[in-house]
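Novice: What follows is the residue order along each chain.
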Amino acid sequence: MKPFRLKQPSVLPGFGLTLGYTVLYLSLIVLVPLSALFFRTATLGWEEFWRIVSDPRVVASYRLTFGASLAGALINAVFGFIVAWTLVRTSFPGKKIVDALVDLPFALPTAVSGIALTALYAPNGWLGQYLEPLGIKAAFSPLGVTIALTFIGLPFVVRTLQPALEDLDSSVEEAAASLGAGRVQTFLRIILPAILPALLTGFALAFARALGEYGSVVFISGNMPMQTEITALLIITKLEQFDYPGATAIAVVMLVASFAILFFINLVQWWSSHRYRAGV
Amino acid sequence: MSIEVRNISKTFGAFTALNDVSLNVPNGQLVALLGPSGSGKTTLLRIIAGLEPPDAGSGRILFHDEDVVDRGVGDRQVGFVFQHYALFRHMTVFENIAFGLRVRPRKTRPEKSAIRDRVQELLRLVQLEGLGGRFPSQLSGGQRQRVALARALAVEPKVLLLDEPFGALDAKVRSELRRWLRRLHDEIHVTSVFVTHDQEEALEVADQVVVMNQGRIEQVGPPAEVYDNPANPFVYGFLGNVNLFHGRIDGGQARVGNVDFPLPALQAAGSRELVGYVRPHDIEVSREQTGPDAIAAVIGHIHGAGGLPRLELERLDNHLQVEAELTRDRLRELALQVGDRVYIRPKSMRVFVEGQPLDYQI
Numbered sequence: 000m001k002p003f004r005l006k007q008p009s010v011l012p013g014f015g016l017t018l019g020y021t022v023l024y025l026s027l028i029v030l031v032p033l034s035a036l037f038f039r040t041a042t043l044g045w046e047e048f049w050r051i052v053s054d055p056r057v058v059a060s061y062r063l064t065f066g067a068s069l070a071g072a073l074i075n076a077v078f079g080f081i082v083a084w085t086l087v088r089t090s091f092p093g094k095k096i097v098d099a100l101v102d103l104p105f106a107l108p109t110a111v112s113g114i115a116l117t118a119l120y121a122p123n124g125w126l127g128q129y130l131e132p133l134g135i136k137a138a139f140s141p142l143g144v145t146i147a148l149t150f151i152g153l154p155f156v157v158r159t160l161q162p163a164l165e166d167l168d169s170s171v172e173e174a175a176a177s178l179g180a181g182r183v184q185t186f187l188r189i190i191l192p193a194i195l196p197a198l199l200t201g202f203a204l205a206f207a208r209a210l211g212e213y214g215s216v217v218f219i220s221g222n223m224p225m226q227t228e229i230t231a232l233l234i235i236t237k238l239e240q241f242d243y244p245g246a247t248a249i250a251v252v253m254l255v256a257s258f259a260i261l262f263f264i265n266l267v268q269w270w271s272s273h274r275y276r277a278g279v
Numbered sequence: 000m001s002i003e004v005r006n007i008s009k010t011f012g013a014f015t016a017l018n019d020v021s022l023n024v025p026n027g028q029l030v031a032l033l034g035p036s037g038s039g040k041t042t043l044l045r046i047i048a049g050l051e052p053p054d055a056g057s058g059r060i061l062f063h064d065e066d067v068v069d070r071g072v073g074d075r076q077v078g079f080v081f082q083h084y085a086l087f088r089h090m091t092v093f094e095n096i097a098f099g100l101r102v103r104p105r106k107t108r109p110e111k112s113a114i115r116d117r118v119q120e121l122l123r124l125v126q127l128e129g130l131g132g133r134f135p136s137q138l139s140g141g142q143r144q145r146v147a148l149a150r151a152l153a154v155e156p157k158v159l160l161l162d163e164p165f166g167a168l169d170a171k172v173r174s175e176l177r178r179w180l181r182r183l184h185d186e187i188h189v190t191s192v193f194v195t196h197d198q199e200e201a202l203e204v205a206d207q208v209v210v211m212n213q214g215r216i217e218q219v220g221p222p223a224e225v226y227d228n229p230a231n232p233f234v235y236g237f238l239g240n241v242n243l244f245h246g247r248i249d250g251g252q253a254r255v256g257n258v259d260f261p262l263p264a265l266q267a268a269g270s271r272e273l274v275g276y277v278r279p280h281d282i283e284v285s286r287e288q289t290g291p292d293a294i295a296a297v298i299g300h301i302h303g304a305g306g307l308p309r310l311e312l313e314r315l316d317n318h319l320q321v322e323a324e325l326t327r328d329r330l331r332e333l334a335l336q337v338g339d340r341v342y343i344r345p346k347s348m349r350v351f352v353e354g355q356p357l358d359y360q361i
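First to last, the sequence lines map onto chains A and B. Per numbering that gives the first Met the number 0, the very first residue in the first sequence carries number 0; after that it's consecutive. Per numbering that gives the first Met the number 0, the very first residue in the second sequence carries number 0; after that it's consecutive.
These are calculated hints, taken from the structure and not from any lab test. What you are looking at is a predicted structure, and each value in this text was computed from that prediction instead of being measured. One thing to keep in mind: the hints can contain errors.
[Stated by the list, open to error] Derived SDA-like pairs (lysine to any residue); straight-line CA-CA distance at most 25 angstroms: (1) B:K106 with A:E173; (2) B:K157 with A:P192; (3) B:K106 with A:K94; (4) A:K94 with A:I194; (5) B:K106 with B:E94; (6) B:K171 with B:A113; (7) B:K157 with B:Y226; (8) B:K106 with A:F186; (9) B:K111 with A:V183; (10) B:K111 with A:S169; (11) B:K157 with A:E173; (12) B:K106 with A:R188; (13) B:K111 with A:D166; (14) B:K171 with B:G140; (15) B:K111 with A:K94; (16) B:K111 with B:G131; (17) B:K157 with A:D166; (18) B:K157 with A:S169; (19) B:K157 with B:N228; (20) A:K94 with A:R188; (21) B:K106 with A:D166; (22) B:K111 with A:P192; (23) B:K106 with B:G140; (24) A:K94 with B:F11.
[Said to hold, decoys possible] To give a feel for the contact side, a few chain B residues facing chain A, derived at Cβ under 10 angstroms: (25) A48; (26) L50; (27) M90; (28) G99; (29) R103; (30) K157; (31) L160; (32) D162; (33) H245.
Virtual Cβ for every residue (Gly too), placed ideally from N, Cα, C.
Model the full assembly from the supplied sequences, consistent with the hints where possible.
Specialist: Laid out in structure tokens, this is it:
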């Protein structure tokens, strides 16, 4: 067996410096604030912690937050793919403008998007008035939360997929066609596997962003306890009541769950992109 | 299966890639489309494959006398090999080769075991046995191209089309692979067309060479035929190194370089310019003036490596460069040095008047 070595021999200089910088930077920016969270939570006893985080109202908020985030990320994975495909593969007048529009959810203050979406989907809003007679309650329902989380997640999927789609070699598709594969087979067997790592990354980013979203959701959700309260809102509520340990306890649960999910997606992504480069 | 191309044109915007091209590829032959880049050879290949449509209403593509213009690439039963392999990099070599069989509709799809046998057979054919489990990224360029070839052959194509198949490989692998392709073709006899810009490759491998230039076919013929009897100055210049000797014709008497010869056919044509084309190996180099048609020159450079050493010479009369090839024995015998004064004489020359060849042997 090879002896373990931290540093692999390499011609690239500055291994110590760059690794040291990375660790320091991540510590200051990410780890130290997050560990403060854990210390704060630790002032609670175990039972007290469990009582807060397993409160039915809080549990309902987990369900909504994770469910709506997942739904939003999945919707974005499908429709974001179509948008990215259109932007890469087709040319039409005004393409640059459409391309720029994709970034708007990034740039807009989240409260602004929240107000805009609420105005649109409220029962008397532009769209809401047509949905209401159909029995669809868009604003002030879990559906509204999903809409808001879909809105803010779109750029992540589109922007991560675009370079991957641009890298696709058109001759590979032609090869598949010349071997008798139809468009659907070519898509499922050739294109999708090639862009899957990028798609997973975009999905993970959109999902992570949605988990932490607050501003755009609180307006459209209506914030009804047990029904349309997201976890971030509960944390803010506790903070406003100066219940800092309670707020951090819920935050810790969110943090651990998010980390576990993102880590899992990263593993899948790593596996799917490295599987066929083994030994290189 | 024979391929017939009838009056095909293709334009990309203002650029004419193919201008009313017609071509016949007999069944079982290996044909090279040879030309400089931009000559339309790849476009023609892609149109034959169905990867590119010809201009609307411009002509017909017939496979075995059957019109296939309206058929998509998947329905033409062609195997296509791409210059940069276009392998599916997320699939193993085995899966790559099996792809064409696995995507068939359930009715015509072979059994799993039949697919396995077929792939093994193809791996043997392209001499990659035991590498079925590798991914394309773990293979060398030559191996990848052979996988691409096996993948194209897996669907038992009636026609095999190869787009610069060895273009991305280094010189040694290239020459090995093209000899191997020739042997493979002799074994399987599938009608094949390959595109190349390398005249050596075309002349060595193909049964027929199609020389293309600027969207037109300049000449079609067996390698020896196009090399020895080029139809026009372009083909002559493209199929090897060439020296140009400028001259004039006046009243049926031509003078090219220091060579005088009668051309009675052009007696009435008056006075006009002529160009004589001489291959480097058709230039005789000697120390003494052997006759009135020898031209004095100075040796500028000697490339001694290789089987046929090359001399770069400068003519003393008009200071134009001339390239000559002579055998190693002859070079040793003459004991030539850079700066020496020698006499050169074209042993054989091809004269073109207004693009039409006129043979002239000395």
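Novice: Would you check the hint for K157 of chain B and E173 of chain A, treating anything up to 25 angstroms between C-alpha atoms as holding?
Specialist: At roughly 18 angstroms apart (the allowed maximum being 25 angstroms), E173 of chain A and K157 of chain B satisfy the hint.
Novice: Within 25 angstroms, alpha carbon to alpha carbon, are K94 of chain A and I194 of chain A?
Specialist: holds (22 angstroms)
Novice: Does the alpha-carbon distance linking K106 of chain B and R188 of chain A stay inside the 25 angstroms limit?
Specialist: The given pair, whose Cα atoms are some 20 angstroms apart, holds under the 25 angstroms limit.
Novice: Can you confirm whether the C-alpha distance between K111 of chain B and D166 of chain A stays at or below 25 angstroms?
Specialist: At roughly 33 angstroms apart (the allowed maximum being 25 angstroms), D166 of chain A and K111 of chain B break the hint.
Novice: Straight-line Cα separation of K171 of chain B and G140 of chain B no greater than 25 angstroms?
Specialist: Holds - the C-alpha atoms of G140 of chain B and K171 of chain B are around 12 angstroms apart, at most 25 angstroms.
Novice: Taking 25 angstroms as the top limit, are the C-alpha atoms of K94 of chain A and F11 of chain B close enough?
Specialist: Holds. K94 of chain A to F11 of chain B sits at ~23 angstroms (cutoff 25 angstroms).
Novice: Under 10 angstroms, Cβ to Cβ, is where L160 of chain B needs to be relative to chain A, so tell me if that hint holds or is violated.
Specialist: Cβ of L160 of chain B sits 9 angstroms from chain A, so the hint holds.
Novice: Between K157 of chain B and N228 of chain B, does the CA-CA distance stay at or below 25 angstroms?
Specialist: violated (32 angstroms)
Novice: Holds or violated: the hint that H245 of chain B contacts chain A, with Cβ atoms closer than 10 angstroms.
Specialist: Violated: closest Cβ of chain A sits about 45 angstroms from H245 of chain B, beyond 10 angstroms.
Novice: Should the hint that A48 of chain B touches chain A count as held when the rule is a Cβ pair under 10 angstroms?
Specialist: Interface hint status for A48 of chain B: holds (6 angstroms vs cutoff 10 angstroms).
Novice: Measure nothing beyond the straight line between the CA atoms of K106 of chain B and E173 of chain A; if it is 25 angstroms or shorter, mark the hint as holding.
Specialist: Roughly 24 angstroms separates the two Cα atoms, so the pair holds.
Novice: Min Cβ distance, K157 of chain B to chain A: is it shorter than 10 angstroms?
Specialist: Where the cut-off is 10 angstroms and the nearest Cβ of chain A is about 13 angstroms from K157 of chain B, the hint is violated.
When each numbered hint is compared with the structure, violations occur for hints 2, 3, 6, 7, 10, 13, 15, 17, 19, 20, 21, 23, 30 and 33.
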